[in-house]
Every structure is written in C-alpha cells, then in structure tokens.
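Whenever a hint applies, use it, and build me the whole structure from the sequences.
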Amino acid sequence: MKAVARLVSRVLPDSAFGRSTVKIVGGTALAQVIAFAASPLLTRIYDPGAYGVFATLVGIASTLTVISSLSYEVSIPVPRGQRMAVNAIFLCLALLGASVVLTTLVLLAFAPTIAGWLFDGQTSPAWLLAIPLLLAGMGFNQIASAAALRARAFNAISGVRIVQAGTTAACQAALFPADGMGLAGGMIAGQLIGARRLWRAAFPDGASEGVNLRNIGRAMSRFRRFPLFEGPFSLVNSAGNYLPPVLLVAFFGPAIGGLFALAQRVLSAPVGMVATASGQVFFASAAQANRDGSLGGLVAQVQNNLSRLVLPAMVLLALTGPDVFAFVFGERWRDAGTVAALMTPWLYMQALGSTVSTVWVVQGNLHHGTVIGLAGFVLRCAALLSAVWIKDWVLVIGIFSAVNAFYYLVVALYAVRFSRASLPGFALDQGKALAVALAFALPTAAGLIAGGMLAVLAGLAMSGLLLLPYYHRVVRGL
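Numbering (our numbering), first residue to last: 361 to 838.
Do not take every clue at face value.
[Claimed, not checked] Per label pair, the in silico range of CB-to-CB distance:
1. G724 / A815: 47 to 57 Å
2. A629 / S782: 26 to 36 Å
3. A647 / V835: 23 to 33 Å
4. N725 / H832: 34 to 44 Å
5. A629 / H832: 15 to 25 Å
Read the hints as simulated data drawn from the structure, not as lab findings.
All residues carry an ideal CB built from backbone N, CA and C; glycine is no exception.
Structural data, given as structure tokens:
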C-alpha cells in the first residue's frame, strides 16, 4: 500500500490546487466507472418501467433539492469566521428539514392525484413517499459536501463519491424484488451513508459552539443574496436537466421514461466529464485572454479540440446506438440505443457550447447568459409539451434533442461572436472534424451494410482500433 501511495504521490501535480482538483475529479471518475460497470447487471434485473418510475422519483427530488436550502449552502465556504459558517450550516439544515416536512405533507394529501397524472394508475401512490426520503438524503449530502469543501476535506469528498457509487449499486442489486423502489432505496442508502462520512470529516465534535437563533438569523441576513439570485436560476437549470424523464413518463408511461433516463445517464457522464474539465481550463485562462485580446483564439482552440475529441464517438454512437445498447444492457434496452442515437447532436453541441459559456461571465455580460438560459428553458418545455399533440415518443424525443442542439449551438456561436473569433473558421473546423469522424466510421458503416449484431460490433471494434492512435495524437496536442 505504501508503494502505491508513493506512486500516486508522484503522479499528482505539485501544486496544492492541482492535487486537490485531481483528487476530486479522480474520485468522481472512479465513481462513474463503478456506476457504469454495475449498469449491465441492473438493467437485466430491472425493466425499463422500473427505471422510469425511479427516474421520476429522482427527477422530482433532485429539482426540489436545489431549493431545499434556498441556495444558502452555496454560502457555507464563503465566511472567514468559523462561527458564521457553522450557523449557515445549521440554517441550511433547518430549511432542509422544513422542505422535507412540507413535501411529505403535500404528498400525503395529494399522492393519489399526482400518481394518477404521472403513472396513469400503473404505480401505487405510496411510492411517491420515497421523494421526501430522497430529498432528505440529497439535501443533507449537498450541505455536507459544502461543509467538506470549506474544511478542505478533499480526500473525504473523493472517497465518499466512490463509497456512494458502490453502496448504491450494491443496495440496488440486493433490493431488486422491490422493482422501482429498489432502485430508489439503493440511492437513498448511498446518499445517507455518503453524507454521514462527509459530515464526520467536515464537522468535528464541538464545532457547534455559538449556534443559536440570533446567529442563524444573522447568517440568513448576511447571505440573503444567494436565494434571491442563485436560487431561481439554479432551479431553472435543475428542472431542465431532471424533469424531461418525468414528463415523458407522464405522457408515454414509465417504460419510455426509463429508456430516456438510461440513455441520458450513459451519454451524459463521459461527455459531461470532458466538457467540465475543458470548461474549467477555459475559465481559468479566459479572463487573462480577454484582457490581452486573445480570447477569440482561445475560444477557437477549445472548440476545435472538443470537436476532434467528441465528434468521432458521437458519429459512431449515432450509427450503432441500438445494437450497442442491446449488447451491453440487454435486448429489451435496444430502444434506449435509439434514444441515445437521437441525443447525439444535442450532447455534441452541449460539449461545444457549455464549455465556452463563461464568455459572458469574463466579459461582464451576465444578463446575456440569463436571457439565453431562460429562453432555452422555455424552448425545452415547449418541445416536451409537444407530446400533448404528437403521440409518437420517438418524434418527441427527436424534437427535444433538436431544440437542445439548437440552444447549445446558439451558446457556441455567442462565444464565437463576442470573443471576436472567426465564424468561417468555426464552420471550417466543424467541417474538418466531421469529415475525419465519417472516415473513421467507414468500418462501422460496412458492418451495418453487412447486417447482424456481430458484423456491426466487429465494424465498431475496427473503428475503435483506428481511433486509438488518432486520439493519442489529439490528446498529446492539447
């Protein structure tokens, strides 16, 4: 173990900031690997309907979690004094408790009505009572994570994410006779166990000295801008991310919502990691680039690198989604591969747009981001609500994906325009990246023409082997 520790120590960056970042990102990546590795087992013991119910419960709970503490948890790392921070923590806990109680009372009163609208009588209203438990676990984990960040307990944060992923997967596998509630129960267990470990690392005994109603009120007053400005937009972003499966379940049933939820989960994790890492690097350099007039070149460089990294994989997935999902997750998830193929333009444009979306931050144009974000939310809602008139779920998901792709294209073009990058250069880079991606997809296309899953998988494997040296060159050139 000591030898492993020494090896890891050599690999980590020298700076404290770099080491802390690698610890958190590494823990997140390993947690996602664990979750993905467990997915082929879970998708064979849970059907799409169970995943749809689970996605509905988690989607509602996740949206409520964002406002459960009125965004005061964002303020926890801010104060210099420990007493103010501790009172902010207890303020968040009190608000979370009130949110859980209020949610429980609403569900006790209206669970049959809500279940009837969401599940059309296919699921017991009692299952909705998992939402307050999920809210409690997610909310407590959110507060504990903020406290751990303040305490700089980066090892604990990284380790907890890994423990949460393993606990969640193990409990979900063990609780499979409970159907959708087994998935929810596993997640509740993972959230609560993780939050407890974070709490012990960030909040040692005796740290609650000086906590009283007066000081809690002072914390509420001092950080009142967080619920006023951070809360509404966090809620909009969260709703845009978590509510689509809920609406699909309401319009087309739990099975369709489950197909969408799995496809979104599988695709969003790797694309999100690449986009987040690239976005952090971009943001770290963008302010100085804006001052010295090189922001346009930085935007063009980041977008070109992302195109070369992400587009080949997206093209392959668009061609082989149904066969890949049937092979990895089981034949009953083939339609989830169709959903994944429909989502590829959206996720590709999301990688391009979200990575450079902080252009309006470094240029002081926050109102531009607000307007674009709200417009995007309205467009997404309209796309999903088209299901009222369009009864074809494939078409509705296709429309939703197209709207999202258009929204992120607008964000990407905004960055090009306001950074004074070259619009023709952007188009040329995209054309080159697409040509390269299509060339690497030729073996996969040959497998599709030959027909049969084995031929498709063989063609996909050949494309993957050809891509290895290409990705090696791209990554070395970043």
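How the hints compare with the structure:
The beta-carbon spacing between G724 and A815, approximately 55 Å, falls within the hinted interval of 47 to 57 Å. Taken as a hint, the range 26 to 36 Å holds for the pair A629 and S782, whose Cβ atoms sit roughly 33 Å apart. Between A647 and V835, the C-beta spacing of about 26 Å keeps the proposed range 23 to 33 Å intact. Look at N725 against H832: about 38 Å separates their beta carbons, and that is inside 34 to 44 Å.
Range check, A629 to H832: Cβ separation about 22 Å, and the 15 to 25 Å hint holds.
Consistency note: the structure conflicts with none of the earlier hints.
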